[in-house]
Structures are given as structure tokens and as C-alpha cells.
Amino acid sequence: MIRFLLSRFLQGIVVILAVITITFTLSQMVPGGAIRNERNVSEETKKAQEEYYGLNKPWIVRLGLTIKHYVTLDLPDSYHYKGRGVDEIIASGFPVSAAVGMAGLTIALLIGVPLGAIAALRPNTLEDRGSTLAATLGICTPSMVLGPLIAMLFGLKLRWFNVAGWFDSSDWVLPALTLGIIYSAYIARLTRGSLRETLAQEFIRTARAKGASEGSVVFLHAMKLASLPVLNFLGPAAAGLLTGSFIVETIFQLPGLGQFFIAAATNGDHQLTIAISTFYAALIVGFNLLVDILQALLNPRIRLQA
Amino acid sequence: MRAAWQRLMRQRMNAWALWFLVALVLLCGVGPEISPYDQAEQDLELKATNPSLAHWLGTDPLGRDMLTRILHGGRVSLEVGLLATGVAAIIGVIYGMMSGLAGGRIDSAMMRIVDILYAFPFINFVILLMVIVGREFWLIFVAIGAVEWLTMARVVRGQVLALKNLEFVTAARASGAGFWHIVWKHLLPNVMGPVIIYASLTVPGVMLLEAALSFLGLGIQPPDASWGVLIREGANSMETYPWMLLYPGIFFSATLLALNLLGDGLRDAFDPKSMSQQ
Chain W
1 MIRFLLSRFL QGIVVILAVI TITFTLSQMV PGGAIRNERN VSEETKKAQE
51 EYYGLNKPWI VRLGLTIKHY VTLDLPDSYH YKGRGVDEII ASGFPVSAAV
101 GMAGLTIALL IGVPLGAIAA LRPNTLEDRG STLAATLGIC TPSMVLGPLI
151 AMLFGLKLRW FNVAGWFDSS DWVLPALTLG IIYSAYIARL TRGSLRETLA
201 QEFIRTARAK GASEGSVVFL HAMKLASLPV LNFLGPAAAG LLTGSFIVET
251 IFQLPGLGQF FIAAATNGDH QLTIAISTFY AALIVGFNLL VDILQALLNP
301 RIRLQA
Chain F
1 MRAAWQRLMR QRMNAWALWF LVALVLLCGV GPEISPYDQA EQDLELKATN
51 PSLAHWLGTD PLGRDMLTRI LHGGRVSLEV GLLATGVAAI IGVIYGMMSG
101 LAGGRIDSAM MRIVDILYAF PFINFVILLM VIVGREFWLI FVAIGAVEWL
151 TMARVVRGQV LALKNLEFVT AARASGAGFW HIVWKHLLPN VMGPVIIYAS
201 LTVPGVMLLE AALSFLGLGI QPPDASWGVL IREGANSMET YPWMLLYPGI
251 FFSATLLALN LLGDGLRDAF DPKSMSQQ
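Protein sequence lines correspond, in order, to chains W and F. Under my numbering, think of the first position of the first sequence as 1, with each following residue one higher. Under my numbering, think of the first position of the second sequence as 1, with each following residue one higher.
Derived from the structure by calculation, the hints contain no laboratory data. This structure is a prediction, so every number in the text was calculated from the model and none was measured. A hint or two may mislead.
Just a few of them, taken from the derived set where beta-carbon distance is under 7 Å, the chain W residues facing chain F [said to hold, decoys possible]:
no., residue
1, M29
2, P142
3, M152
4, A281
Just a sample of chain F residues kept apart from chain W, beta carbon distances all over 12 Å, derived [to be verified]:
no., residue
5, W5
6, L26
7, I34
8, D38
9, A54
10, G103
11, I106
12, N124
13, F137
14, V155
15, R173
16, A174
17, W180
18, I182
19, G193
20, L245
No residue lacks a Cβ here, since even glycine has one placed at the ideal position from N, Cα and C.
Take the sequences, apply the hints, and build the full model.
What follows is the structure, given as C-alpha cells:
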């Protein structure tokens, strides 16, 4: 177990270093760049700024310096938001993205698992067909269509929530609902498939034979194993939530990390671009590690290999 | 093959999905050509009109014919979807084949790389690429294809590992067939089935990614149109003209639904084992 976690941890470090290198290399190719794009600045000022940010050094030295920044956690300043460290900016954007993402994932689980379980427990009935149809429709509704529709219904027509911005304590609801509905469809499909498969297995028959009640068969025995594929999906889902958060933050105009990233990429704010990509990579790595541990705890049959 | 085809078409939904897609491809291919309007042609006399005989789905706030624009956008979205899937399939097949054929340590190293790549925040790379090269059409599908090949590589590698020790391959080798002959004549044809099935499941995902990029203003650029661009324009003016969001949204969702149904249907028809898991 320890060996497995250690090797996964090392793999994660490789991912993060690779992401820093790739984002650094890509961001060097963005035409212009934060300093060269500025108008009405004398050549000397530009030179001084380039020196301040270390832009006059060769590529490989700057890459080394960038990695050093992250290893020693001495993070650089943003080019665009002068005098603000990239960590400050992430600290201001991440709570917004995290609140929406976590709430979205919770909504997805609360809708998806019961919907899939009902379908699996009553195969080929009206409930099964209905929930499968709902899940298929959910998968085929893109967030950029669903989001504006939700905004129109609850924001403009019913006026229950703000349509855009991050001012009220309830502003997370509509974006989280958008993400949640879409992911609930995937989770419902996975739950249905894996619960049906689990219910057909022999240990379930054994449990029934020894007289366990239907409730305990489903909830104590089957759900434990059937939740594994759902858990497995949460790793990629975390990465998918990032993409989703770009869209949702654009629709509802939230000051989250996605918005900061798009702005940084288009402004040529290399430091912030690298910082947010690296932060995302660390987040995905951490989430996958968590999923691995939970999976090992839930299923003793999984042999943890290095 | 014929049995699989019959299994596919026996499900009425699959047949509908197939016919819908055929009709859509024809409409998007021919529609913009025979339409009396150009998709970018503005007629400021006709701002945001309701459907009429002249404009079957009405016009947008710039007086452009909605139907022509939706069909043109559909053509662009489908092109990106197919081409990006093609790029993903080519990379995935080459990588998966190399890994499966090499076997041993090289194989496990190559698959470990794929594991590592799964944890990359690819959306960030794609956004950066779009900013660098300036949102060119070819770049969009190459960039999307370059991030969507991972699962394809796994599928192909598994297939090659299973195939390469089968008797017909050993027989071919014994009768003096060269390495490339075996790859080209024996392995590749047998890998194509799973590749096509998985590709059909990749197309909707790729189209969603293109739409997401265009929605963010980083993909196809107006006045050119893809469904992502139209949905973006629709979302911006939905308060006054909700149908501008609804029409392209319905086309896009219906297409995704048909592609998903067909992909699942193909998988079930060619791999009856997976039926039980459904």
C-alpha cells in the first residue's frame, strides 16, 4: 500500500513537472507577451521590466528558474496584475471555482446515484426506461445550451437568482445546477450498469440465500461494489469539471480560475498561465490519488500494484 | 459482419439514429449550396424575424438566414468532429500498435506515459494553442485530435496484444511473411473494427470540445459559424430572441443523441459481450 501510494505520488510529481515545462514552452510562443504588448512605454522601461521578470535570460535558464519557483514555493508576480503574486490570484479565483465544482459534483451524485439505482433495481420497467431516457438526454445536452436555459428560467423569468456575477451567497446555485445535471447523467448510467452487473453476481445470491433482507442486500452488499466504477469516474470527472467550469464561469460571469486562465492566456500573462495550469495539474493528481485510496479501502480484491 | 449489422438495425432507435445522421450530413452538405442566402449575408431590413416562407427558421438580429447558418455551422462542426477523430485515431493506432508489438518493458513504459497523460489539464494546452496560432480551422481539429487519442491507444494496444500471438499470425510469420506484411495485412484489418466503434463514440466528445472552444470565443471565429459559435450568439441574445439559442441547441443535441445511440449500438452489435454489461 505504502509502495503503491509512493509510486503514484512520484508519478504525480512527474505530471506536474511536465505540465510546467509544456505550459512554459507554449506560453513563450504566444505572440507579443505582456510587456511587449504595452503601449506608450519607453524602450528603457521595457528593458527594465524584462530584467525584473528575468525575460532577458535564455530559454532553458528561465525554465529552470520557473521550476525552481514552484519547488521552493516562492511564486512569481503576475505580469498583468502588477504587484500581485500568482498565488494571491489563485487564492481569489479558486474558492469560486471550487464552490461551484464541489456543489455541482454533489448535485450530480444526489441525482445520478438514485436515478441509476432505481433503473437497475427494476430492469425493463417504466422507471428503468424513464431514467435511462433522462440520462441519455442529459448526456446529449451541452452545458453551453443548458446553462443559458437555466439562467433564462430561474434568473430572468422566475427571478429567484442573479443571472451573472458573484455577489450574493446564492450565486453558486445556478452554475452548480448546470454542472450537476450534466454529470448526473453520466453517474446515473454508470450506477445502473454496475449495479445491475453486481446484482447478478454470486455473492449476492449467497447473501439472499442466507436470509439477508432485500434492503441490506442492495445497500450493504451490492452498492459497495457497484460504487467502484462511479468512484473511478470521479477522477476523469474532476478533470472534466475543469472544462465545464470554463464554460459555466463564462455563462454566469463568475470570477473563477477558468476566467483568470483565459484572460491570462490571451493577455500573454505567462506567469499566471503557468501557475493556473500547474495548480490544475496538482488538483487532478491529488484527486486521482484520493480516488485510488478510496477504491482500495472499498474493494479488498484490488491488488495494489506499484 | 452481416449478423452484426442485423443486430444493429434490429434496435429501432439505432436505425433512426443512422437515418437521422445520413439526412443531417446530406442537409449540411447540400443545404448551404442550394440555399438562396449566404450564411454570412446580412439583410438589416430583416432583423430577427419569425419563421416565414422566405426564411424557414427566421433570421438572426443581423438579418442572416438562421437555417442556412445552422446548416453551414453543422457542416463545420461535423467536419471538425470527423477530422479530429481521424487525427486521434491515427495517433492512437500508431501508438497503440507500437506499444502492443514492442511488448515487455517498452510496452509498460509507453502505457505508463499514457497513464501520466490522462492527468494533464489538456483544456489549458488547447486554449494556449488556440491563442498562439490564431484560431485556424486546421489547428482546431489537430489540437483536439492530439488530446483525444489516449483511450484509442489503449484499445488498439489491447487488441494487438491479443492478436499477435494468435495462430494465424504465427502461421504467416512461419511462412516467411515480413514484419510490415504482418502489420499491414493481418494486424491492421483486425484492429479496425474496435477502432471504428471507439471512433464513433469519440466523435460526439470531440464535437462538444469544439463547441466549448467556439463558445469561449477561442475556436471558429465569426462571421464563420459552427454550432458552438451559433450557441454563443444565441446565449448572448437569448433574453430577446430565445429561438436563436434553441434552434442550434436542438440541432446540436439531436446530433449528439444520434451519435451516442449509434456508437453504443455499434459497440453492442459487434461485441455482444458488452450487451450484458448494459
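Checked hints:
1. With a cut of 7 Å, the hint placing W/M29 at the interface with chain F holds, because the nearest CB-to-CB distance is about 5 Å.
2. Using the Cβ-Cβ criterion of 7 Å, the hint placing W/P142 at the interface with chain F is satisfied: the shortest such distance is roughly 6 Å.
3. Interface restraint check: W/M152 against chain F, minimum CB-CB distance 6 Å, threshold 7 Å, status holds.
4. Given hint, W/A281 at the interface with chain F, holds; its Cβ is 5 Å from that chain's nearest Cβ, closer than 7 Å.
5. No Cβ of chain W approaches the Cβ of F/W5 within 12 Å, the least distance being about 23 Å, so the stated non-interface status holds.
6. Under the 12 Å C-beta cut-off, the non-interface status given to F/L26 relative to chain W holds; the minimum distance is some 21 Å.
7. The non-interface label for F/I34 is consistent with chain W: the shortest C-beta to C-beta separation is roughly 28 Å, beyond 12 Å.
8. Under the 12 Å C-beta cut-off, the non-interface status given to F/D38 relative to chain W holds; the minimum distance is some 26 Å.
9. For F/A54, the shortest C-beta to C-beta distance to chain W comes to about 27 Å, beyond the 12 Å cut-off, and the non-interface label holds.
10. At roughly 18 Å, the least C-beta separation between F/G103 and chain W is larger than 12 Å, which holds for a residue marked as non-interface.
11. For F/I106, the requirement that its beta carbon stay farther than 12 Å from each beta carbon of chain W is met, with the minimum near 18 Å.
12. With a minimum CB-CB distance of about 4 Å to chain W, F/N124 fails to clear the 12 Å threshold, and the non-interface call is violated.
13. Every beta carbon of chain W lies more than 12 Å from that of F/F137, the smallest distance being close to 19 Å; the non-interface claim holds.
14. The beta carbon of F/V155 is kept farther than 12 Å from every beta carbon of chain W, the shortest such distance being approximately 16 Å.
15. The non-interface label for F/R173 is consistent with chain W: the shortest C-beta to C-beta separation is roughly 32 Å, beyond 12 Å.
16. With a cut of 12 Å on Cβ distances, F/A174 stays outside the contact zone with chain W, its closest approach being about 35 Å.
17. Separation of F/W180 from chain W is adequate, the least Cβ-Cβ distance of about 33 Å exceeding the 12 Å criterion.
18. Against the 12 Å criterion, F/I182 stays outside the reach of chain W, whose nearest CB is about 32 Å from its own CB.
19. No beta-carbon of chain W comes within 12 Å of the beta-carbon of F/G193; the shortest separation is about 22 Å.
20. With a least beta-carbon separation of about 6 Å from chain W, F/L245 fails to lie farther than 12 Å from that chain, contradicting its non-interface assignment.
Violated hints, in rising order: 12 and 20; the structure is consistent with all others.
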